[in-house]
Amino acid sequence: MDIKAKIIDSVGLDRTITRLAHEIIEHNKGSENIVLLGMRTRGEYLAKRIQAKILFIEGVSPNLGILDTTLYRDDFRIRLKQPEVSVTDISFDLSEKDVILVDDVLFTGRTVRAALDAIMDMGRPNTIQFCVLVDRGHREMPITADYIGKNIPTSINEEVKVKMTEIDDEDSVYLVEIKNS
Amino acid sequence: MSLSSNHLLGLKDVPKEDIQLILDTATTFREVLERPIKKVPTLQGKTIVNLFYENSTRTRLSFELAQKRLSADTINFSKSGSSAAKGESFKDTVKNIEAMKVDMIVCRHESAGIPKYLTQISNAKIINAGDGRHEHPTQGLLDMYSIREKVGRLAGLNVCIVGDIGHSRVALSNIYGLQTMGANVSVCGPSTMIPWGMEDFGVKIYNNIDKAMAENDVLNVLRIQLERDAGVLIPSVREYHTYFGITQERIQKNNPNILILHPGPINRGVEISSEVADGSSQIILNQVTNGVAIRMAVLYLLGTKSEE
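Keeping their order, the protein sequence lines are chains A and B. Counting from 0, one number per residue, gives the positions in the first sequence under numbering that gives the first Met the number 0. Counting from 0, one number per residue, gives the positions in the second sequence under numbering that gives the first Met the number 0.
Incorrect hints may appear among the rest.
No farther apart than 35 Å at their CA atoms in a straight line, the calculated lysine-lysine pairs in the DSBU-like style are these [what the hints assert, rightly or not]:
#1 B/K15 to A/K96
#2 B/K37 to A/K80
#3 B/K304 to B/K15
#4 A/K52 to B/K37
#5 B/K38 to A/K162
#6 B/K115 to A/K47
#7 A/K80 to B/K100
#8 B/K100 to A/K47
#9 B/K115 to A/K96
#10 B/K115 to A/K80
#11 A/K80 to B/K67
#12 B/K149 to A/K28
#13 B/K304 to A/K160
Chain A side only, calculated, beta carbon under 7 Å to chain B, not exhaustive [as the list claims (entries may be wrong)]:
#14 I77
#15 V84
#16 T87
#17 S90
#18 F91
#19 L115
#20 D120
#21 M121
For the record, the hints were derived by calculation from the structure and aren't laboratory data. Even glycine gets a Cβ: it sits at the ideal position worked out from N, Cα and C.
Based on the sequences and whatever the hints tell you, model everything.
This is the structure in structure tokens:
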């Protein structure tokens with residue numbers, strides 16, 4: 000893998016998250032009815048940071064849950080490697096809530112499709128909104144995000160790598176080239 | 000991560016990583032069972048046959064429920080009311096079922112080794128739901144899961160299996176699995192119920208229940224299987240209860256913190272007093288819930304595993 004460009008640095012990432020938090024609050028006219036759902040793995044940390052921003056801006060901290068969509072994937076029959084499932088951790092009721100689904104990269108849209116199915120099995124939210132740090136294009140499903148950190152047009156041999164200090168050694172977003180082996 | 004085998008025939012020779020993976024995956028499904036809609040679409044389009052040549056309530060319902068929760072299509076076979084009663088051989092029955100294009104077979108049979116034989120005559124993935132006195136791997140796994148859930152670990156724990164060890168497939172699966180996970184396993188019962196050569200399994204043998212209780216963290220109490228002629232091994236059910244029954248007084252006297260498991264069905268007043276059964280009932284009934292989660296984990300891990 001070759002790094003082609005650093006798209007967002009740590010200062011930029013913090014500003015982007017601040018803006019996303021503001022947009023979410025603005026669009027929902029406050030944060031009373033909001034719940035955040037972070038998608039494993041980096042969406043979870045992103046959601047936690049947005050939660051902290053909302054607390055800073057509004058003085059209240061919305062509920063946060065973690066969603067694992069492995070069981071809802073559509074590629075069990077075609078994938079060779081078996082995906083590892085981890086636990087979904089949502090300790091509150093989603094009914095009548097405005098659910099903000101948070102993920103790091105929006106690509107084909109298949110993960111979001113799986114997430115929507117998973118959420119529907121857990122309750123009937125008022126709305127489901129989608130917040131993503133990077134939209135890299137190449138959609139295979141009619142899905143779009145409500146809050147976008149940055150639009151990065153990519154080629155199919157490129158990949159967007161989001162790094163967050165919670166699990167990586169830095170805060171940044173890279174565009175990398177995948178070497179075909 | 001995926002399992003190293005395409006079948007689950009027993010816990011003997013199942014590597015530690017596989018057991019760990021199954022137990023961890025079960026945690027995920029335990030969460031699914033708490034949701035308002037307890038169903039995920041993961042095994043959509045897979046067909047599973049429950050081939051039950053022997054009676055079962057818990058295991059069969061548990062497997063069926065696990066399959067439905069994963070959205071698999073299931074068909075059930077039981078010996079009574081089938082062509083097996085007309086004299087069709089086991090192999091012919093299996094071949095016919097397989098011609099219906101099934102992906103997995105869950106099998107219970109009164110003869111040991113039938114699941115292994117199935118792997119030779121069928122292309123489906125095989126799960127052993129109890130074969131004779133041999134193994135009952137999913138029960139072993141759910142016992143381990145329940146212990147781990149309650150105590151937090153398996154390694155280094157002292158676990159004693161109490162009762163009719165000779166007639167029990169649960170005992171053998173527990174011994175293999177727990178030893179792999181690093182627990183110290185012992186057995187306790189009257190000498191008639193402990194088979195010759197038990198020492199070769201590397202287990203300690205107790206003939207005194209009070210001593211066993213004092214020296215162990217967990218008791219897995221087996222049912223006295225009266226339908227399998229356990230009656231000839233003990234003078235009377237009352238005598239068994241007097242010498243080996245788990246009572247509240249014994250728990251208080253020997254080890255008040257001991258964890259009591261029972262795979263069910265319970266013979267109240269025989270291997271366990273009603274008082275203890277109801278006191279530990281939360282754990283015993285929890286074992287049943289965990290059973291569904293464990294079976295979902297096994298079905299998921301085998302059902303979505305690609306053939307290399």
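Each hint, compared with the structure:
1. B/K15 to A/K96: Answer violated: B/K15 to A/K96 is near 43 Å, above 35 Å.
2. B/K37 to A/K80: Since the Cα atoms of B/K37 and A/K80 sit roughly 26 Å apart, the hinted pair holds (cutoff 35 Å).
3. B/K304 to B/K15: 18 Å, holds
4. A/K52 to B/K37: 34 Å, holds
5. B/K38 to A/K162: 33 Å, holds
6. B/K115 to A/K47: With a Cα-Cα distance of about 49 Å, the restraint between B/K115 and A/K47 is violated, given a limit of 35 Å.
7. A/K80 to B/K100: Holds, at about 24 Å.
8. B/K100 to A/K47: 47 Å, violated
9. B/K115 to A/K96: 51 Å, violated
10. B/K115 to A/K80: Holds: B/K115 and A/K80 sit about 26 Å apart, inside 35 Å.
11. A/K80 to B/K67: Roughly 24 Å separates the two Cα atoms, so the pair holds.
12. B/K149 to A/K28: 45 Å, violated
13. B/K304 to A/K160: With a Cα-Cα distance of about 28 Å, the restraint between B/K304 and A/K160 holds, given a limit of 35 Å.
14. I77: Hint on A/I77: violated, closest Cβ of chain B at ~9 Å, above 7 Å.
15. V84: 5 Å, holds
16. T87: 6 Å, holds
17. S90: With a closest approach of 10 Å, the A/S90 hint is violated.
18. F91: Hint violated; A/F91 Cβ to chain B Cβ min 13 Å, cut 7 Å.
19. L115: 12 Å, violated
20. D120: 4 Å, holds
21. M121: 6 Å, holds
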